[in-house]
Amino acid sequence: MRPISLKLVYFTLLLAFICHLLPWAGFGLMLRPDFVLLVALYWMLRAPHLCNIGTAWLAGLAIDLASGGLFGQYALAYAFTAFVAVSYQRRLALFNIWQQAGYVFLLLLLTQLTLLVLKLFAGYEAPGWHYFLPSVSGVLLWQLAVFSRLSSNHPKHQS
Amino acid sequence: MPRAMEHQHPQAFFVRGPSAFARLLLFAALSIALMAADSRLHYLIEIRQGFVALLQPLQMIANLPTVLYGNVREQMVSRQTLLEDNRRLSLEALQQNAQLQRLRALQEENDHLRSLLGAAQSISQPAKLGEITHTGRDPFTHKVVVNLGSQQGIIAGQAVVDGAGVIGQVTRVYPFSSEVTLITDKDLAIPVQAERNSLRAIAFGHGRDNTIDLPYLPANVDIREGDVLVTSGIDGIYPMGLAVAKVTRIERTPDSPFAHIVCKPAAGIENHRQVLLIAASSAATPTGAVISSNTKPSEAARHATHKP
Numbered sequence: 008m009r010p011i012s013l014k015l016v017y018f019t020l021l022l023a024f025i026c027h028l029l030p031w032a033g034f035g036l037m038l039r040p041d042f043v044l045l046v047a048l049y050w051m052l053r054a055p056h057l058c059n060i061g062t063a064w065l066a067g068l069a070i071d072l073a074s075g076g077l078f079g080q081y082a083l084a085y086a087f088t089a090f091v092a093v094s095y096q097r098r099l100a101l102f103n104i105w106q107q108a109g110y111v112f113l114l115l116l117l118t119q120l121t122l123l124v125l126k127l128f129a130g131y132e133a134p135g136w137h138y139f140l141p142s143v144s145g146v147l148l149w150q151l152a153v154f155s156r157l158s159s160n161h162p163k164h165q166s
Numbered sequence: 082m083p084r085a086m087e088h089q090h091p092q093a094f095f096v097r098g099p100s101a102f103a104r105l106l107l108f109a110a111l112s113i114a115l116m117a118a119d120s121r122l123h124y125l126i127e128i129r130q131g132f133v134a135l136l137q138p139l140q141m142i143a144n145l146p147t148v149l150y151g152n153v154r155e156q157m158v159s160r161q162t163l164l165e166d167n168r169r170l171s172l173e174a175l176q177q178n179a180q181l182q183r184l185r186a187l188q189e190e191n192d193h194l195r196s197l198l199g200a201a202q203s204i205s206q207p208a209k210l211g212e213i214t215h216t217g218r219d220p221f222t223h224k225v226v227v228n229l230g231s232q233q234g235i236i237a238g239q240a241v242v243d244g245a246g247v248i249g250q251v252t253r254v255y256p257f258s259s260e261v262t263l264i265t266d267k268d269l270a271i272p273v274q275a276e277r278n279s280l281r282a283i284a285f286g287h288g289r290d291n292t293i294d295l296p297y298l299p300a301n302v303d304i305r306e307g308d309v310l311v312t313s314g315i316d317g318i319y320p321m322g323l324a325v326a327k328v329t330r331i332e333r334t335p336d337s338p339f340a341h342i343v344c345k346p347a348a349g350i351e352n353h354r355q356v357l358l359i360a361a362s363s364a365a366t367p368t369g370a371v372i373s374s375n376t377k378p379s380e381a382a383r384h385a386t387h388k389p
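So the protein sequences, as listed, match chains A and B. Residues in the first sequence are numbered consecutively from 8, following our numbering. Residues in the second sequence are numbered consecutively from 82, following our numbering.
Source of the hints: derived by calculation from the structure; they are not laboratory data. Think of the CB as a built atom: it goes at the ideal place given N, C-alpha and C, for glycine as much as any other residue. Heads up, some of the hints might be wrong.
Chain B regions said to be covered by chain A (calculated; three or more residues, Cβ under 8 Å) [what the hints assert, rightly or not]: (1) 102-116; (2) 121-134; (3) 139-151; (4) 209-216.
Work out the full structure: start from the sequences and follow the hints.
If you want it as structure tokens, here you go:
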């Protein structure tokens, strides 16, 4: 396992951000996994000394800028998820692949629930069940990355 | 010393700096402060504009695949299709030219009659052709981003139309792009008029299923299915007579004093790339209904509509 540099963390986050900026529309937008959060979670679970709550918060701010919604909502949701992820990070070594996937799925759901609460406070209408589809596609992408052995000794590169 | 206690604890072995909970508190407080500053105090507009301009190169990189795909597809168009298109378009141009000549004659006549009446001349409003670069990132809202910004003279509050009707209104302007709120968005209101009987109303976006509502109309209102709604022009933002929507369903329930009217937008909100951004004409805005960029679109429209 080669040492992970801070540059690598930020580079992968940037790539994930570009994936987020791709012109998604219609059904793709509904299904679009949260690339940036997935990459941030990966680094938080693997190298919490390089990617921590602050990094997640900054990533959330970038998403906020790109989405043009209420400023700070993604930042708050990401910071909260990062807190949960980092607090249970040491326990993750005992998990097998599927348990990890379940854990990641719960974290993604947590983010979306936080966002939902914030958006409802901001006066949006309650969305349908398809609102939670990105969590499902996100965990599928995670498993895909795990099975393609990207994460065993190479840093994961999601696109 | 509390640090010494922590060092005995295996959990805290790799922790550096403040604890996770302290960090969470710090960043949560920061984000809540940001949200408050954005939603209540409107302090962040300039800052956001600056950062969005910084994001522009990234955005261009992200848009590259679709641009390339479009170019390749254009190259692949067969000669036959091009010929057919050409024939069809020249035919259309011929027909439209004939109609246009009639229109010009009518307009001259109209101007003449208006000047006889002493009424204000209807001023043709300049429009800019923009292209939708991408749809909004937030599935909750109905927004698109257009490739014209404040550098091209776009200001917040301009009306956006396509060939078939009104699409929406510019709500946020960045240096090289601007954000258009579609008429199906929950926050956008637009003053309309039924074409058949000139009944005035305000249409609100429904927020889901790409429909528009006409709320606050009494149950016995004279509106039928199939009625065409056009802009009434009394807000000074939208020029008069642009198609907005067609009434598709009316529900009158005995327990409600209001009719539930659902309309379908006339403009191809989901399928066009080119749109026209119409400048709010100064002649049509007697008390300066130029909207500052931090007003919500609905507020702006309401404000404009409730003017005497």
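Right, here's what the structure says about each hint:
Only residues whose C-beta sits within less than 8 Å of a C-beta in chain A count toward coverage, and the region 102-116 of chain B has 11 of them, enough to reach three; the restraint holds. Only when three residues or more bring their CB closer than 8 Å to a CB of chain A does the claim for the region 121-134 of chain B stand; here the count is 4, and the claim holds. A count of 7 residues in the region 139-151 of chain B with a Cβ less than 8 Å from any Cβ of chain A is obtained; the coverage claim is therefore met, three being the minimum. For the region 209-216 of chain B, the assignment as covered by chain A holds, since 3 residues bring a beta-carbon within under 8 Å of that chain's beta-carbons and 3 suffice.
Violated hints are absent here; each numbered hint is respected by the structure.
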